[in-house]
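Asker: If you want the building blocks of each chain, they are given just below.
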Amino acid sequence: MEVISVKDVTFKYEGAELPVINNLSLSVSRGEYLCVLGENGSGKSTLARLINGLLTPNSGRVAVYGFDTKDKDKQFEVRKRVGMVFQNPDNQMVATMVEDDIAFGPENLGVPSKEIGERIDFALKSTNMENFRFSQGQKLSGGQKQRVAIAGVLAIMPEVLILDESTSMLDAKGRKEVLDVVKELNDKGMTVITITHYMDEAVNASRVVVLSKGEIVKDGKPSEIFKDSNELVSYGLELPRSTYIANKLIKKGLPLKEGILTAEELSEELCKLFQKG
Amino acid sequence: MLSDITFGQYYPASSFVHKMDARIKLLLLIAYIVLVFVVKNFYGFLVVYGVLLFLTLLAKVPITSLIKSASAVVFIIIFTFILNIFFYKTNNPTYLFWIITKEALEFSTFMALRLLALVFFSMLLNLTTTPVALTDGIESLLKPLKVIKFPVHELALVMSIALRFIPILMSEADRIIMAQKARGADFESGNLLKRAKAMLPVLIPLLISSFRRAEELGDAMDSRCYSSSSKRTKFRKLKAGWRDLVAVIFTAIIFTAVILLNNYVGGLV
Amino acid sequence: MQIISKGLKFTYNKKTEFKRQALNGVDLTINEGDFFGIIGQTGSGKSTFIEHLNGLIPVESGELTIGEFDLSVSAQKPKKAYKERLKLLRRKVGMVFQYPEYQLFAETVFEDVAFGIKNFFPEIEGEQLALKVKNALELVGLNYYEVKDKSPFELSGGQKRRVAIAGVLVLEPEVLVLDEPVAGLDPVGKRNLMELLHSLHGTVLKTIVIVSHDMDEVSENCNRVAVFSDGVAVKVDTIENIFADVDFLVKHGLELPLTAKIKEDLKAVGVDIITDYKIDNLIEKIYKNYKG
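If you read the sequences in order, they're chains A, B and C.
Using the working numbering, you'd call the opening residue of the first sequence number 34 and step up by one each time.
Using the working numbering, you'd call the opening residue of the second sequence number 56 and step up by one each time.
Using the working numbering, you'd call the opening residue of the third sequence number 39 and step up by one each time.
The following block holds chain A by itself, in its conformation from the complex (with noise of 0.2 Å):
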């Protein structure tokens, strides 16, 4: 089932000479994990903002759950359905408090008090952060801020989250943190969108989009985008490093599995290999 469809659309931002988003189309069906690459500029960000209406094309169509995004009467109903967790995690939070800021999307949408309460205990178990109740934002690590604007944006209950480079500023623990809470809750049935440019990343999606000047020049499965590097780097882009690995070493002539995307598959191939030898 598509829950967004991006159709034709092209976005320029007020004065920029070249639009940044150029004629751009992209189908997201429920249940997928789709991560977008690009180098900065590439446009990804704004691509994000497009497909949840912070920004509205100026010429083509973004309709979420059916909801065409400059439909102002429905600027609710895509939100509600479209979460989006944004890269710096101190300036997400408007209350002091975790659990006043995850209670936050839901005054918005005039929720009862009590059930607010029942929403705050899910977005605060999904995202592994019941401890932290009541802390102060302030205190928390960078990955656990990411974890509470995470569990904000479950208390809306929304059909798919957007991860807007949530986890460049974050150290390798934050960064795992956050990514093992994105891969539970996609496998709980969550539509996921992530925005990054780190490549390891990349590696647990089902699905790769390349970015490059506005247009998409890369769809398909990991193991497909990583096939050609010199394409990649020409689009700012990179190997992750396992598949960087792998790739020198079956062109040196060592017969490795094609596709190795993960530290483990590479450890696993090499480990066979020197085991028959």
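FYI, nobody ran anything at the bench for these hints, they're computed from the structure.
Take the hints with a grain of salt, since some may be wrong.
Computed cross-link-like contacts, DSS-like style, restricted to lysine-lysine with a CA-CA straight-line distance of at most 30 Å [claimed, not checked]:
id : chain 1 : residue 1 : chain 2 : residue 2
1  : C       : 289       : A       : 206
2  : A       : 105       : B       : 286
3  : B       : 249       : C       : 125
4  : A       : 206       : C       : 316
5  : C       : 244       : C       : 125
6  : C       : 57        : A       : 206
7  : C       : 125       : B       : 123
8  : B       : 249       : C       : 57
9  : A       : 209       : C       : 299
10 : A       : 105       : B       : 252
11 : B       : 123       : C       : 156
12 : B       : 201       : A       : 107
13 : C       : 316       : A       : 305
14 : B       : 123       : A       : 147
15 : C       : 273       : A       : 172
16 : C       : 186       : B       : 252
17 : C       : 316       : A       : 284
18 : A       : 105       : B       : 123
19 : B       : 286       : B       : 201
20 : A       : 285       : C       : 299
21 : A       : 254       : C       : 299
With chain A fixed as given, assemble chains B and C onto it according to the hints.
Answerer: Okay, now just chains B and C, sitting in the frame of chain A:
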């Protein structure tokens, strides 16, 4: 570091005072502020400080943190104290030594006690009430102003956001100051104008960063369906209960006591 | 310049209730010529330590010498002489903070880069100043004539960061200290910046110190590493020795770089590969091992 100065110094505890309705606490704070100005003699202050001590113990707040909070205003208190000592004039002064009179000394002490009590009562509210409850309380108390289209909810939201971002911006200012110092910026020498000019390399990046943060926060709020016109609900319902009733009665008794003291003992001067 | 820290301690807000011990006796030596990495979990004291290296945080207890500069408490008096020496030191040790582009402030790139010179050498003006700014911008790979009159805020993220680094390099430091230099950049931006640092290392810069949480970045670029934990440098050693001790890294909450992971897994099946944990060398070693 600047960033460690916290605003809204909530001290988490479970106490009678913590559990009170923020609105009632705000109103009672106003009552106590009035009380501090009603007091006419030192016996009255004995009662006021007795109440303060009692409330602090009741709130399970460490007395030290209350005293520390006063350190920020200690300068002002000393300053006014000195001013009063030198400039307070009466008709029949009793000179103690030099130009210091007994009356001026008494009056200055009196004013200092007054200021200190004000600070302590306000801090007690701060320590026992979360910033959110406080802004909720203010919002609720100002509700009648909605009739004249005063943006009560927006005001409360702005207050709570400001509370949240002040420490963030403080720590950012810290970092920028360090970075410019590393490039030889000197914030400590020269006259006032020179020093003010030296702050530009800190203020400009700070301003730009505030705008960037504001933009991202705005997007985040929009994404979470913020709209001031919608029929918002409140997760945290303010509810006055038996504790608030007890507190109001208690305050009324104290008020009466102080007024009686004023009448029977008379004024200080 | 050799950097020697002995028993360095530091507490934030010592006299208040917000007291926090950030450094708890740091012992380490950074040699001239090192590409030195500082790793450790958030809050382990990395940033506080590097802020000592050019006197931004005054030494509170313990010893710290940077080349001939003694920053220890005993050397902080008389105050005036200490301040003068600090000025000299800050020119010799350049400091690039996290997201340095957020500290740009001037109307033009030229003015921003020239800021340090104007502070330290107000006598340098005109052509001489322009030459210094030009050199610094070219060192970071920017075209002087193209960018000098632009507002720094018009530039792309990667370019802004380069301008900020040029603003430090313009003072011709011997040591450059960078806190998370590639944070937030895209892959190509990251690679280019690290390549830039390598090209500066050994030419205009004698020593480079980076703080990083990315183990792959550290193993790929540094020769020696200090592991920080709870305000102490718990281990200071070569890359080879640091990443060979897996249990130690895990104990201090650190990840393994990919190259170390693979080496460990191969060791488990009896293939012992001696490596310096650089990715291309590992590939070469695996290949040789397979052939031979």
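Asker: All hints are to be evaluated individually against the structure, with a verdict given for each.
Answerer: Each hint tested on the structure:
no.: 1; hint: C/289 / A/206; in the structure: holds, 14 Å
no.: 2; hint: A/105 / B/286; in the structure: holds, 17 Å
no.: 3; hint: B/249 / C/125; in the structure: holds, 19 Å
no.: 4; hint: A/206 / C/316; in the structure: holds, 22 Å
no.: 5; hint: C/244 / C/125; in the structure: holds, 19 Å
no.: 6; hint: C/57 / A/206; in the structure: holds, 26 Å
no.: 7; hint: C/125 / B/123; in the structure: violated, 36 Å
no.: 8; hint: B/249 / C/57; in the structure: violated, 33 Å
no.: 9; hint: A/209 / C/299; in the structure: holds, 17 Å
no.: 10; hint: A/105 / B/252; in the structure: violated, 47 Å
no.: 11; hint: B/123 / C/156; in the structure: violated, 42 Å
no.: 12; hint: B/201 / A/107; in the structure: holds, 27 Å
no.: 13; hint: C/316 / A/305; in the structure: holds, 23 Å
no.: 14; hint: B/123 / A/147; in the structure: violated, 39 Å
no.: 15; hint: C/273 / A/172; in the structure: holds, 28 Å
no.: 16; hint: C/186 / B/252; in the structure: holds, 23 Å
no.: 17; hint: C/316 / A/284; in the structure: holds, 19 Å
no.: 18; hint: A/105 / B/123; in the structure: violated, 52 Å
no.: 19; hint: B/286 / B/201; in the structure: holds, 14 Å
no.: 20; hint: A/285 / C/299; in the structure: holds, 21 Å
no.: 21; hint: A/254 / C/299; in the structure: holds, 25 Å
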